Every structure is written in C-alpha cells, then in structure tokens.
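Novice: As a plain string of letters, each chain reads:
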Amino acid sequence: MAKILVVADIKQGVLKSSTTELLSKARALGAETAVVAMGSGIAPLAPELAKAGSDTQYIADDASLELFSAGPYAAAVVDAAGQFGADMVWFGFSESSKAVAPRVAAQLDAACATEITDVTLGDTVEVIRPAITNKVLQRVKINTDRLVAVVRAGAFEADEGITGSENVVQLAAPAPDTKAVVREIVSDTSGEIDLGDADIVVSVGRGARNEAGVELVHELAKDLDAAFGSSRAMVDAGFMPHNKQVGQTGRIVAPSLYMAIGISGAIQHLAGMNGSKVIMAVNKDPEAPIFNVADYGIVGDLFEVVPILREEIQKVRS
Amino acid sequence: MKILTTVKKVVDVELNIHVQDGAIVEDGLQYVINAWDESGVEAAVQLKENHGAETTLVSVGGGDNTDIIRRCYAMGIEKGIHVDDPALEKADSFIYARVLQKVFEKGDYDLVITGKQAQDTDNGQTGIILAEYLGLPCVSNVVGIEVIDDTHLKVTRSGDTGDEIVELALPAVVTVDVSINEPRLPQMRGLMMAKKKPIEKMDLAALGTSAEEIGCAAPKSEVVEFMPTEKRAGGRKFEGEAADITAEVVKLLAEEAKVL
Ligand SMILES: Cc1cc2nc3c(=O)[nH]c(=O)nc-3n(C[C@H](O)[C@H](O)[C@H](O)COP(=O)(O)OP(=O)(O)OC[C@H]3O[C@@H](n4cnc5c(N)ncnc54)[C@H](O)[C@@H]3O)c2cc1C
Ligand SMILES: Nc1ncnc2c1ncn2[C@@H]1O[C@H](COP(=O)(O)O)[C@@H](O)[C@H]1O
Numbered sequence: 001m002a003k004i005l006v007v008a009d010i011k012q013g014v015l016k017s018s019t020t021e022l023l024s025k026a027r028a029l030g031a032e033t034a035v036v037a038m039g040s041g042i043a044p045l046a047p048e049l050a051k052a053g054s055d056t057q058y059i060a061d062d063a064s065l066e067l068f069s070a071g072p073y074a075a076a077v078v079d080a081a082g083q084f085g086a087d088m089v090w091f092g093f094s095e096s097s098k099a100v101a102p103r104v105a106a107q108l109d110a111a112c113a114t115e116i117t118d119v120t121l122g123d124t125v126e127v128i129r130p131a132i133t134n135k136v137l138q139r140v141k142i143n144t145d146r147l148v149a150v151v152r153a154g155a156f157e158a159d160e161g162i163t164g165s166e167n168v169v170q171l172a173a174p175a176p177d178t179k180a181v182v183r184e185i186v187s188d189t190s191g192e193i194d195l196g197d198a199d200i201v202v203s204v205g206r207g208a209r210n211e212a213g214v215e216l217v218h219e220l221a222k223d224l225d226a227a228f229g230s231s232r233a234m235v236d237a238g239f240m241p242h243n244k245q246v247g248q249t250g251r252i253v254a255p256s257l258y259m260a261i262g263i264s265g266a267i268q269h270l271a272g273m274n275g276s277k278v279i280m281a282v283n284k285d286p287e288a289p290i291f292n293v294a295d296y297g298i299v300g301d302l303f304e305v306v307p308i309l310r311e312e313i314q315k316v317r318s
Numbered sequence: 001m002k003i004l005t006t007v008k009k010v011v012d013v014e015l016n017i018h019v020q021d022g023a024i025v026e027d028g029l030q031y032v033i034n035a036w037d038e039s040g041v042e043a044a045v046q047l048k049e050n051h052g053a054e055t056t057l058v059s060v061g062g063g064d065n066t067d068i069i070r071r072c073y074a075m076g077i078e079k080g081i082h083v084d085d086p087a088l089e090k091a092d093s094f095i096y097a098r099v100l101q102k103v104f105e106k107g108d109y110d111l112v113i114t115g116k117q118a119q120d121t122d123n124g125q126t127g128i129i130l131a132e133y134l135g136l137p138c139v140s141n142v143v144g145i146e147v148i149d150d151t152h153l154k155v156t157r158s159g160d161t162g163d164e165i166v167e168l169a170l171p172a173v174v175t176v177d178v179s180i181n182e183p184r185l186p187q188m189r190g191l192m193m194a195k196k197k198p199i200e201k202m203d204l205a206a207l208g209t210s211a212e213e214i215g216c217a218a219p220k221s222e223v224v225e226f227m228p229t230e231k232r233a234g235g236r237k238f239e240g241e242a243a244d245i246t247a248e249v250v251k252l253l254a255e256e257a258k259v260l
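These protein sequence lines are chains A and B, in that order.
Take the first sequence: its letters are residues 1 to 318, numbered as in my numbering.
Take the second sequence: its letters are residues 1 to 260, numbered as in my numbering.
All clues given are correct.
Taking lysine to aspartate or glutamate and the DMTMM-like style, the derived pairs with C-alpha atoms no more than 20 Å apart in a straight line are:
id, chain 1, residue 1, chain 2, residue 2
1, A, Lys141, B, Asp120
2, A, Lys315, B, Asp244
3, A, Lys3, A, Glu126
4, A, Lys179, B, Asp110
5, B, Lys237, A, Glu312
6, A, Lys315, B, Glu241
7, A, Lys141, B, Glu89
8, B, Lys258, A, Asp225
9, A, Lys141, B, Glu225
10, B, Lys251, A, Glu312
11, A, Lys179, B, Asp163
12, B, Lys231, A, Glu287
13, B, Lys251, A, Glu304
14, A, Lys315, B, Glu256
15, B, Lys231, A, Asp118
16, B, Lys237, A, Glu287
17, A, Lys284, B, Glu248
18, A, Lys284, B, Asp244
19, B, Lys251, A, Asp225
20, A, Lys141, B, Asp21
21, A, Lys315, B, Glu255
Treat the hints as calculated values from the structure; they're not laboratory data.
A quick note: this is a predicted structure, and the numbers were derived from the prediction, not measured.
Go ahead and model the full structure; you've got the sequences and the hints to work with.
Specialist: Structure follows, in structure tokens:
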C-alpha cells in the first residue's frame, strides 16, 4: 500500500480545506495516510487533523515556527516523511508549499511535480498538470520511488464522510534558518476572507483606475462575504497587496463564483481562475478576452454597473 | 558582489500553441527570454548600477541562444555563459540545477538570481533545488531586494499572508517574481554593442563534468504526453442599458447558476 504524507495547510491557526481534500484523494487511492503540521500553538489541532482523514499526525509545534520559514518547515516535513516511510508527500496549493516542496524533494532525492491536477498510482506513477501558462496539459511519468507534489487548488474534492484516527507523533523543533531570518510580515490581512477559502471571489482590475474604484469593488466583495482579489496590474500599481493577486504567479482560485471587475482577461490571469465554477465579468470593452471565458458577461462601465449590482444582489438575497 | 543570473529560452506563451498526437506542434512557435528571468536580469543590473556588482548570466540548453543573451548584454549584463549538450535533451529541474551548480562552483559568486518559474515548464523548482545542492540559503518569490552591507541583503518575499521581510546572508540564492521590477527595454546602441561581445559557449565536458555526473540518463520525471487544455465555453454577453442587463445577470446568477 502506498504511503502518502499530506502537509497540513494551517493559516493563522486554522486548518484549511485543502488538507481534507488531499487526504480524501489519498484514501480514495487506497493509500495509508499521515499528516504533518508545523506551527506555533497548533498541537490542539490534532483531533481535527485526524478527522480530516489521517491515521498518524506528525506535529512540530514550537514558538520558533510562528512565522513561516521554508528551511525549518522543510526539515519538519523531511523528518515526518522519514519516520512514516512516505512514498509520496503532497502539499496543498499555497505560496509556502511552493517554497517548501522543492526543498523536500531535493532532500529526499524524490521527483517533484507542482500544480498537479491528478495522479495515478500503480506500476508507474503519473501525474497530470498544466504548463505553458495553462495552454497545455502534461502527462508526466515519475521515474523515482518517491514523489513530492503540490496539488493545484480545487483539483481534489473532499469526501464528506471522511474520518481518521488520532495517533500523534511529536516532532523535534527544527533548527531555525540563521542565514535567512524572517524579520516580520507586513500587510497583515487577518480578518479578511482568504482567497483560498471563499465560495465567492470578487477581483478588481485596472478598469477600476484608482483608490475610489478599488473601494467601490471592495464594497461589492464585502456585501457578498467574498474574498477580495486582484489582477497583477492593480498590485503593481500599489492599490492591492501582493498576496491578493490572482493568476499564474499569484493565487490559484476555484470558487463557485468568480467576479472579474474591470479585468481584461490576460492568459496569466485566466490561469489562476478558470477553474471557477461560474465566472461573471464586467468590462466596458465588448471585445475583452475575459468574455471568452465568462458565463455571464456584462458589457458596461463598472462605475455605473457595480452600484446597480450591489442593489440587485441585496434584493435577491433579502 | 558577484552575481550569477539564470536565463532560460522559452516558448512565447502569447502565441497560439497547438497539440497534436501528444506533442506540441513546433510550427509557428517563437522563443523568447523567460519573463521571470528578464526580471532577474533587471534586478542584477540594478544591483550593479546602485551598488557596484559584477554580473554574469548563464543559460542552459535551448540551442541557439545568441539573441537572448545579447538582449541581456544590452540590458547591462557583462558576461554570458551558454551551456548546451545533446545529453540535456530530457533534462528536468534537478538536472538543470546540477548544471547550474557546476557553473556556480567555477565562479566565485555571492548571489544567484533565478526566475521564480519558467514559462514553458511552470515548475518553479530549479532555483530552490540549486540552493539545496549548493547548501545555500534561499528565498523564493522575491519582490524586493535591498543591500544592507557586503554580506547581507534585505529581501521581500510575497508570502501567503503578506510580504515577508527576510534578512539574507550571502552567498545565497533568490528566485524573483515578475512584480519585482519593470525590465528596461534594450536600446539600439546597446544591442549594436552587444553584437561584439563574446558568449562563452561550452558543453558538459568543457564545464568540467559529464552526462553521468549530472545524471542526464535518469531524469526523475519526464513528460510523456501533451494534451490540449479543456477550453471553457464562453457564455452569454449582455449589452444594453446598465440597469436592465445588470438586473438580468443577477437574476440568472441567483436562479440559473444558483451561486448567490
Ligand atoms: C510572467 C507573467 C506573469 C503574470 N502573472 C499574472 C498574474 O498572476 N495575475 C494577473 O492578473 N496578471 C498577471 N500577469 C499580467 C497580465 O499579463 C496582465 O498584464 C494583467 O492581468 C492585466 O491586468 P488588468 O486586466 O487589470 O489590466 P488591463 O489588461 O489593463 O485591463 C483593464 C480592463 O479594464 C477594462 N476597463 C477599463 N475601464 C473600465 C471601466 N470603467 N469599466 C469596466 N471596464 C473597464 C478595459 O476594457 C480592460 O479590459 C503576468 C504577466 C507576466 C508576463
Ligand atoms: N535551462 C535553464 N537555463 C537557465 N536557467 C534555468 C534553466 N531552467 C530553469 N532555469 C532557471 O530556474 C527558474 C525556474 O525554472 P523552473 O523550475 O523550470 O520553473 C527559471 O526562471 C530560470 O531562472
């Protein structure tokens, strides 16, 4: 039986849904499952980690792991993989995963596949993943005994009936990285809905022009309890923080509803959101490429359309 | 400071890409410098201009890379190394990282700047693996670099919950995101001058290694098939009076798509 170690995705003390999704897939493949979690004050999450579908929980809980640091996080994963005898280590999609996975692969002398959307076990292990800015899919054959993979957001579905058993193994705190010291994290967005969790994502693009435009679209997001995202143009212009960027080099999202407001629909943006269930777009240019992927496209000036949108949504929701 | 910046020649993603019989149709493809690497080159040149640094680029594989390397010369890079070898045909990120490791070890570099990701593979691995092979500290997805002193940088990494401010001891590896800068356009004069500049070309033997040592025969993974991406069928586009079409779309989102 294959042994799959899933790296728990914990952000600000909360276990993210990707962990359950990955464990569900691992169990569906008939694998033996374990989870590894790193952070400060996370030990109480053990029952939740078990319930997410793991039979062993490797936990590195230490004050030094408060701020994300790729080196120590990788060391904890490698430690757990060794103790568990993992054939595979799976990460959910996040910026931290992308930093840690290649380190773990190099240390385990394993293959590394990022952004995978499917995996098959058997005599030969294969994965499917998009490449070339989502213009093609690749079927990739893994030639090593071990594989480290980062799973694309939304690729696997959570099994509602999943459960596991609690069997906690404490990991020694890894040594801090004294050569790359994380001093602080700025633009804290706690209190705001994470892009990865939201059922609805509302994103703002250059069409919103300025701060007032951004605020207008933000109000729409708030009305909907939606996560508030951005195109790269608005990040580069300084109106939105880096971690709100949706797209190839930002966050990959797959919500039930994605609203693109004043976004042209460049391939790099589409690569981050075209897995959304329903896409709605507002753009004043009827030829904007976003309309090629939008299920519902409103051709119009966002400054006129967004206030009406808010009113109409209020009406149908009340 | 001696900087090594890595540059890959990649397929131009803005053009149409067709797949046939499990392979990408070569016809009509064009090749360009990887966008993330162009930002890496710009970052290296800015460090040179603002703090005095020696800048070298290395590109591995890709056949004729002359145009790309000259473009980087015109942006301000001083020296270019091109490693190519038939043995690299099936190279994965680990193999490229091994080659880059050899190049690093032949120089006396303080900083390696790689792109966060190559536009053809979208792997986002090579720079981080290189750092592991070299045993050097590494910060990925960097959107800002400041020099503290001769041996320390303050780098900004775009992380999950915000911008992470990291104090990085040299020698080190950073992988940069395109958001770090706006690469300059090479000027005609620079491009003319670049033509005269030599490019150091070498195969694995000239690099002082071999296909065996790099592990060329045993890539950890290989692409066995390309497939077209499933296209989203474009839906309905609504034009007309803003109040009317907006109300209609909201109704459809609620009643038809059931997502409100
Ligand atoms: C390597 C690389 C990686 C990249 N990664 C990403 C990424 O991760 N995410 C990302 O988003 N981009 C990314 N980009 C950038 C991408 O190519 C586009 O430049 C960017 O997405 C454009 O943002 P935008 O749609 O907001 O701006 P624009 O392309 O300028 O579009 C603005 C749109 O707003 C419309 N508009 C203007 N005024 C109004 C109005 N009053 N009402 C309604 N509509 C209006 C216009 O018609 C236009 O369609 C990347 C680029 C590269 C090269
Ligand atoms: N063949 C290569 N030559 C030079 N640099 C490379 C090569 N392959 C990868 N790199 C560097 O590693 C980065 C990440 O590549 P990848 O892991 O393929 O996404 C790229 O942006 C380049 O800077």
